[in-house]
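Student: In the order they appear, the protein sequences are chains A and Z. So in the numbering used here, the last one in the first sequence is 439, and the numbering has no gaps at all. So in the numbering used here, the last one in the second sequence is 390, and the numbering has no gaps at all.
Don't read these hints as lab results, they were simulated from the structure. Only a predicted model underlies this, so the values are computations on that prediction, with no experimental measurement involved. Built from N, CA and C at the ideal position, the CB exists for glycine as well. There may be inaccurate statements among the hints.
To be verified - Computed from the model, here is a short list of chain A residues facing chain Z with C-beta under 8 Å: (1) GLU223; (2) ARG228; (3) ILE278; (4) ARG279; (5) GLY300; (6) VAL304; (7) ASP314; (8) CYS347; (9) GLU368; (10) LEU372; (11) PRO375; (12) GLN379.
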Amino acid sequence: MEINIQRKVLEANETQADRNRKYFSERKVFVLNMMSSPGSGKTETLSITIKRLMPHIRVGIIVGDICTRNDADRLGATGAPVVQINTDQFGGDCHLAAHLIDRAAREMDLDSLDLLIVENIGNLVCPAEFDIGENAKAVVLSVTEGEDKPLKYPLMFQVADVALLNKIDLLPYLDVDLNLAVDNIQKVHPKIPVFKISAKTQEGFEGWIGWLKGCVNG
Amino acid sequence: MHEMGIAQQMVNIALESIPRDIVNPRVENLNLRIGKLAAVVEDSLKFCFEIITKGTPLDGATLLIESVPVKVRCRACFHGWEVEGPVFTCPACKDGAVDILSGRELEISSIELADD
Ligand SMILES: Nc1nc2c(ncn2[C@@H]2O[C@H](COP(=O)(O)OP(=O)(O)O)[C@@H](O)[C@H]2O)c(=O)[nH]1
Ligand SMILES: [Mg+2]
Ligand SMILES: [Zn+2]
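Isolated chain A (complex conformation) (with noise of 0.2 Å):
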């Protein structure tokens, strides 16, 4: 006997990520999920993109990790509200669910916020397929990981609203072609804004801050 079911696998945090983006639209926040390899330098990059984002525009973050606080404790020191989750208690997920989101953005005082930006766990393939809820995704490649990455990871990079092409201070020492770099993300994604930026030397920042206070304006 065959029954019929037709649904989606991943329904529950489909679900969740509709309540949460309600959530979040309800307190006027917009919601970046930021994502990349482990040491592209998601976190680095968010230290000065907020020192660059307030007091104007609010700043908060939620920051993934399967353990220890120690990038809570760097974006902290930037003065912005931060929650961290660690994921090794539920399992060790490679990925933040919607769920999780729900119960860390539940610990901060959303309507003081304009901005909240949730630094996923270091992956390039699982996080891609986890909606939290968001406005917009934004992925970070660093120089250092070779031009093919986006090739190997298309829906990372297919599902990513902007890019940001970081570590470009490290040009000089490597054999890196930028503009192939470039090329591949847009192979991948047509028409997506690619910011080439360091997060070291704070070069690349302006269009990168441009576009996200867009968002948060718009």
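Starting from the known structure of chain A, arrange chain Z with the ligands on it as the hints suggest.
Tutor: Quick look at chain Z with the ligands alone, frame taken from chain A:
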């Protein structure tokens, strides 16, 4: 890497869908639709499924996976095509952003119960 979580959700939905009035139900097949762009490794999903269904009505069930092609449409010229591989550049105008029409599915279409 998240196949265990996906398998768990799948199993919950499948178990919920078995009619209550069947005694000792046994599921033979689970029909799934998985988009080619979905971040799921089939072997890993099957492995996780086997482990967590021991001793349940899904024990020994086969996962029959229909692989859904990636279909997209260009926002600039409305050309539609099937994408094979990671390149989404519009072959007609070489210039448009694209909308994904299919290829991200992760769905259970049905279960098949043994008739004994
Ligand atoms: N040279 C250089 N190093 C960077 C840059 N951004 C981050 N890093 C370094 O790369 C390492 C990983 O950065 P982190 O922000 O922790 O990456 P995350 O894992 O993505 O959060 C740290 O040692 C950073 O100091 C950059 O633009 N240039
Ligand atoms: Mg970090
Ligand atoms: Zn076109």
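Student: If a hint holds in the structure, say so; if it does not, say that too.
Tutor: Against the structure, the hints come out as follows:
no.	hint	result
1	GLU223	holds, 5 Å
2	ARG228	holds, 5 Å
3	ILE278	violated, 27 Å
4	ARG279	violated, 31 Å
5	GLY300	violated, 34 Å
6	VAL304	violated, 22 Å
7	ASP314	holds, 7 Å
8	CYS347	holds, 4 Å
9	GLU368	violated, 13 Å
10	LEU372	holds, 4 Å
11	PRO375	holds, 4 Å
12	GLN379	holds, 7 Å
Of the hints listed earlier, those the structure fails to meet are numbers 3, 4, 5, 6, 9, in rising order.
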